[in-house]
Amino acid sequence: MKSPILSVESVDLAYGKAQVLHGVSLSVEPGEMVFIAGRNGAGKTTLLRTIAGFLPRAAGTVRYEGKDLGTVRPESVARSGIRYVAQDKRVFGKLTVRENIEIAAHVSGERVQEAVDRIVATYPPMEKFLDGSAGSLSGGQRQILLIGRALVGSPKLLLVDEPTEGLAAGTIEDIFRLLDGMKGRLSFLIVEQNLPVIARLADRVYLMKEGKIDRELATREEIEAPDSVERYL
Amino acid sequence: MIGTLIYGLTIGGILYIISIGLSLTFGTMRIVNFAHAFVYALGAYLLITAFRKMGLSFLAAAGFGVLAVLPVAYVIEAYVIRRLYGESLDYAIIATYAVLLIGVDLIKWVWGASPISLNDPIGKDVEILGVSLPVYRLVIITLAFVIYGGLYLFFRKTIVGKIVIAGLDDKDAVRSLGIDVDRYFSIVFLLGSGLAALGGVLYAPITSVHPYMGFQILLLCFAVVIVGGMGSLHGTFLSAFALGMVISLTGRFWGPAAETMVFVVMAVVLIFKPIDV
Ligand SMILES: Nc1ncnc2c1ncn2[C@@H]1O[C@H](COP(=O)(O)OP(=O)(O)OP(=O)(O)O)[C@@H](O)[C@H]1O
Ligand SMILES: [Mg+2]
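These protein sequence lines are chains A and B, in that order.
Read in order, the letters of the first sequence are residues 1 to 233 in our numbering.
Read in order, the letters of the second sequence are residues 1 to 277 in our numbering.
Just so you know, not all the hints are guaranteed correct.
[Claimed, not checked] Covered stretches of chain B (chain A as the covering partner; in silico rule of three or more C-beta atoms under 8 Å from a C-beta of chain A):
1. 226–240
2. 262–273
[As the list claims (entries may be wrong)] Straight-line alpha carbon distances no greater than 27 Å define the calculated BS3-like cross-link-like pairs of lysine-lysine that follow:
3. B:Lys124 / B:Lys53
4. A:Lys209 / A:Lys17
5. A:Lys89 / A:Lys183
6. A:Lys94 / B:Lys171
7. A:Lys94 / B:Lys273
8. A:Lys17 / B:Lys171
9. B:Lys124 / B:Lys108
10. A:Lys212 / A:Lys17
11. A:Lys128 / A:Lys89
12. B:Lys157 / A:Lys89
13. A:Lys156 / A:Lys89
14. B:Lys124 / A:Lys89
15. A:Lys156 / B:Lys171
16. A:Lys94 / B:Lys157
17. A:Lys128 / B:Lys157
18. A:Lys67 / A:Lys156
19. A:Lys67 / A:Lys212
Since the hints were made in silico from the structure, they are not lab data.
Cβ atoms here follow ideal geometry from the backbone N, Cα and C, with glycine treated the same way.
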């Protein structure tokens, strides 16, 4: 068996006195696209932010490529090859689309033009917005920019929080195609509530409830079984 | 009238140069930095030492004043400001106010408490529309515009500036791209401190240099920052010149009310545009 690129082991997390994550364990294999689903307030965002280094764990370990991430800061987590795309779909609105990409390229040392070309290749309509304010993009275009921006510098693991939340059906299809096109090329841990998207893309699904992983769906039959994911949404 | 205008623009220019650092520190680090006033006064005192004691030209002494302040600002940033990240606003006010008080005592200890005055370093006038105006003031006004343009280019065209703009907008997102955004905020802090010192240096020949000069200017700069919008580059510029004009116009008709009027304007702005701190 391959060793997982990410393994989360018995993680507890509390905001002050309120414990939100209780002994959460999960893993992502190289090249795998793993989804997390669960109701509002289940602790999905908290889990991703913990892995991304924004929140200090009360207990448990997070290993990336076998190494304990310890108590490192988000910028070090990112530099080790993990990118986190937050739920809020906020881009750097005062900068242009190209400048958003330029900032992502700054640390990785990737050439800005190369990164821009790659994003335009996956989503051609972006070309005409490159020098416009990123703040005036639509929700879907922002999400595409956010994912594209996160891919600059060739990370090995992408953490994405609800990429299709609040988007129109056609736009969800754009995001789906973007994710589908990258499947297998790097590893993903995606929080998602959209059933069809999960069913079409997931290699495995973790179902969260009240700060715990309640169930894992490891086969296509389990994922596609009626009511399996739905009961948790 | 043109004299009043030029005086207003001069005060506005100096207020702008000093306020910009205050505004940026609030925008980037969410800290109201009283220690800024110490850095401002220190710039003026270092100028005097370099000019009077070391025998440098005014220009060289001014450069010395601005640069010599940077290590001091660095220490304030690394040992006080950086420890206040995420603390409540009032905690930061108390801590930076303490730095200001210590700084004022330090100035009294090194340079004494009595005011020092400097002559106009250019000492020439030009005649514009029949009014004779000190060239030095025109230089200050020009410098304020040059700094405004320079900062605009810095924030628009350099990667450091763009990272700061992005960080002002969404700090966590910049961090998740692997960028240690606090380092860039520190650069901005030093830049703002250098400008405060420059403000002190430029103002020294116009007013008198004394240990408490920082307190006086600080209140005016707070007014500028509040009227212009905390962390707003353009707002600070416009509001500095507007309040500079308020000071010179009020002063023309009723001297004692000149600075009070600034706070009346600030209060009016606060009533109509409440700030969200
Ligand atoms: N900064 C915070 N401070 C205190 N409690 C928080 C904080 N952020 C989240 N919580 C609480 O932690 C719990 C989990 O929140 P979290 O945002 O992780 O849920 P989620 O599964 O992502 O929900 P959603 O589907 O709405 O995004 C909730 O009860 C929430 O109120
Ligand atoms: Mg969430």
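### Query
Is the hinted pair Lys212 (chain A) and Lys17 (chain A) satisfied, with a Cα-Cα distance of at most 27 Å?
17 Å, holds
### Query
Between Lys94 (chain A) and Lys171 (chain B), is the straight-line Cα distance small enough, at 27 Å or below?
At roughly 13 Å apart (the allowed maximum being 27 Å), Lys171 (chain B) and Lys94 (chain A) satisfy the hint.
### Task
Measure nothing beyond the straight line between the CA atoms of Lys124 (chain B) and Lys53 (chain B); if it is 27 Å or shorter, mark the hint as holding.
Judged against 27 Å, a Cα distance of about 24 Å means the pair holds.
### Pair hint outcome, Lys17 (chain A) versus Lys171 (chain B) [Cα-Cα no greater than 27 Å]
Distance of about 26 Å is within 27 Å: holds.
### Query
Is Lys128 (chain A) close enough to Lys157 (chain B), meaning Cα to Cα at most 27 Å?
Holds - the C-alpha atoms of Lys157 (chain B) and Lys128 (chain A) are around 21 Å apart, at most 27 Å.
### Query
Has the stretch 226–240 of chain B got at least three residues whose CB is nearer than 8 Å to a CB belonging to chain A?
Since three or more residues must qualify, the claim that chain A covers the stretch 226–240 of chain B is violated, with 0 doing so at under 8 Å.
### Message
Checking one constraint from the list: CA of Lys89 (chain A) to CA of Lys183 (chain A), max 27 Å. Satisfied?
### Response
Judged against 27 Å, a Cα distance of about 21 Å means the pair holds.
### 27 Å Cα cutoff - pair Lys157 (chain B), Lys89 (chain A)
Holds, at about 25 Å.
### Query
Within a Cα-Cα threshold of 27 Å, do Lys124 (chain B) and Lys108 (chain B) meet the stated pairing?
Violated, because 33 Å separates the two Cα atoms, which is more than 27 Å.
### Query
Taken at face value, is the distance from the CA of Lys171 (chain B) to the CA of Lys156 (chain A) at most 27 Å?
Roughly 23 Å separates the two Cα atoms, so the pair holds.
### Query
If you draw a straight line from the CA of Lys67 (chain A) to the CA of Lys156 (chain A), is it 27 Å or shorter?
14 Å, holds
### Task
Take the C-alpha atoms of Lys67 (chain A) and Lys212 (chain A), compute the straight-line distance between them, and say whether it is at most 27 Å.
24 Å, holds
Hint compliance for this structure: hints 1, 2, 9, 14 are broken, all remaining hints hold.
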